[in-house]
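**Q** Residues per chain, in single letters:
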Amino acid sequence: MEELIQQLKEEIIQALNLEDLRPEDIDADAPLFGDGLGLDSIDALELIVLLEKNYGIRLADAAAGKEVFRSVRVMAEYVAAHRTK
Amino acid sequence: MTLPAPLYILSAEQISPQRPLCQDWTCCPRYPGGTYCRSDDPDFRRLLRPAEARRMGRLLKRAAAVSDRALAAAGADCPDAIVTGTGWGCVESTEQFLQALCTRGEHLLSPTHFMQSTHNTMSALLAIRTHCHGYNVTFTHGAVSFDCALHDAALLLREGSAGLALVGGHDEVTPDYRVLLRRMGYAGLAGQCPCCETSVALTLSATPRRAPLCRLDDLCLRHRPAPEEWADAVGRMLGRCGKEPADVDLLVCGHNGLPDNDRPYDGLARRLFPHTPQLRYKRLFGENFSVSAASVYAAAHLLRRATLPPALGGGAPQGTPLRTVLVVNHSGGADFSAILLERP
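Quick note, the sequences are listed as chains A and B, same order.
So for the first sequence, the working numbering puts the first residue at 1; every next one is plus one.
So for the second sequence, the working numbering puts the first residue at 1; every next one is plus one.
Treat the hints as calculated values from the structure; they're not laboratory data.
Some clues are possibly wrong.
In the SDA-like style, the derived pairs of lysine to any residue whose C-alpha atoms are separated by at most 25 Å in a straight line are [said to hold, decoys possible]:
hint : chain 1 : residue 1 : chain 2 : residue 2
1    : A       : Lys85     : B       : Leu109
2    : A       : Lys53     : B       : Pro29
3    : A       : Lys66     : B       : Arg54
4    : A       : Lys53     : B       : Pro111
5    : A       : Lys53     : B       : Pro274
Where chain B lies over chain A, by a calculated footprint (3+ residues, C-beta under 8 Å) [to be verified]:
hint : segment
6    : 34 to 48
7    : 65 to 77
Computed list of chain B residues with no C-beta within reach of chain A, every gap over 12 Å [unchecked claim]:
hint : residue
8    : Arg49
9    : His113
10   : Leu180
11   : Ala233
12   : Asp247
Even for Gly, the Cβ is constructed at its ideal location relative to N, Cα and C.
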């Protein structure tokens with residue numbers, strides 16, 4: 001799981017162009033939206049694309065997306081359970 | 001005779017093959033070689049907040065940086081209007097979006113690249129950054145885009161709809177785009193000055209405010225004029241401003257090394273300005289759809305200096321005083337523009 005969390009952090013930094021952040025700067029349990037990384041709705045769309053492109057996961061339900069993107073750890077657990085590639 | 005109401009260029013900034021965000025080109029100009037030369041970008045991390053810049057493509061960063069500097073130099077936070085000219089907009093983002101579309105289909109497309117792939121992205125971004133809720137227009141008329149933007153801003157100021165307009169000309173040239181431009185016979189051809197990139201922002205005001213760079217007396221645009229009609233139009237514009245051709249101290253013109261392009265400039269010079277020094281600005285700024293913005297930028301700063309720097313030559317004796325400068329451009333023999341600038 002820790003390896004997947006590290007990989008997701010790197011992919012998030014690349015996908016969202018968070019140039020000033022390193023993976024170790026991201027708290028795996030901190031909220032991605034709002035107080036934590038401070039991401040917004042466009043970032044949510046980028047993360048949906050990331051999940052489908054890299055892990056074959058299609059998020060069609062907005063409510064599910066809100067839960068999946070609660071933190072990097074939650075995201076990693078969801079990826080581990082649902083990935084198709 | 002009623003002279004056209006003068007307008008004032010308060011400030012102008014550039015990112016191009018020249019050293020960025022400064023006027024070093026007047027004393028130590030760079031002459032880009034080869035057929036392709038990208039802009040010398042400043043360190044954007046020092047100019048833009050990372051959180052803000054992370055969603056900007058390269059051209060947006062350039063547009064934001066030159067606009068910030070131009071507004072600051074004019075002592076303004078928010079313009080009344082934003083008018084931008086761009087030939088192809090944010091090409092890099094468009095390419096990334098289209099490449100993803102080709103390789104992955106309509107799914108899995110980046111919303112950021114999609115948002116940036118529209119032509120009016122720059123004007124919209126500048127409006128958001130400056131909190132400008134006023135007039136916001138982007139002209140995408142090929143190589144006359146900036147000239148149209150400047151013309152529109154001048155009309156807006158003269159009718160009193162705005163007091164200060166932020167006018168820009170922005171184009172980037174990616175390696176793939178450069179190949180297309182060469183195939184189109186537009187840029188990057190043998191014998192032609194190199195295909196380059198331009199980002200210029202200037203502030204245009206109805207009042208001189210603090211020390212303006214220069215006055216914009218008048219400008220005229222012509223689409224496919226008959227032979228001699230362009231020179232007639234230039235002569236009439238000078239007349240409207242109470243000038244004779246002999247009053248023009250410097251002709252800033254868009255020679256690019258190709259005979260078909262250069263012929264109209266030579267014809268105009270022969271007929272109206274046989275003894276007027278010329279600054280062939282594309283030797284400094286290259287060729288692209290927004291490079292005419294660099295001609296106005298260069299003329300405005302030369303007028304601020306009041307003399308033609310020896311480094312730029314132009315066939316003028318050293319220290320030739322500059323009071324009146326005429327900027328002339330045309331695109332493919334179709335769209336012609338003339339812009340008369342003067343020391344305030």
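**Q** For each hint, tell me whether it holds in the structure or not.
**A** So, going through the hints one by one against the coordinates:
For the hint pairing Lys85(A) with Leu109(B), the CA-to-CA distance comes to about 19 Å; that is within 25 Å, so the pair holds. Between Lys53(A) and Pro29(B) the CA atoms are separated by roughly 47 Å; this puts the pair beyond 25 Å, and the hint is violated. Proposed proximity of Lys66(A) and Arg54(B) is supported: the alpha carbons are some 23 Å apart, at most 25 Å. Between the alpha carbons of Lys53(A) and Pro111(B) the distance comes to roughly 14 Å, so the proposed pair stays at or under 25 Å and holds.
For the suggested pair Lys53(A) and Pro274(B), the alpha carbons sit about 64 Å apart, so the restraint of at most 25 Å is broken. Under the rule that three or more residues need a Cβ within less than 8 Å of chain B, the assignment of the segment 34 to 48 of chain A holds, with 4 such residues. Using a Cβ-Cβ cut-off of 8 Å, 0 residues of the segment 65 to 77 of chain A lie near chain B, which falls short of the minimum of three, so the contact claim is violated. For Arg49(B), the shortest C-beta to C-beta distance to chain A comes to about 10 Å, within the 12 Å cut-off, and the non-interface label is violated.
A beta-carbon of chain A comes within 12 Å of the beta-carbon of His113(B); the shortest separation is about 10 Å. Separation of Leu180(B) from chain A is adequate, the least Cβ-Cβ distance of about 26 Å exceeding the 12 Å criterion. The claim that Ala233(B) is not at the interface with chain A holds, since no C-beta of that chain comes within 12 Å of its own (minimum 47 Å). Every CB of chain A lies more than 12 Å from the CB of Asp247(B), the least distance being 52 Å, so the non-interface label holds.
Hints 2, 5, 7, 8, 9, counting from the list given before, are not met by this structure.
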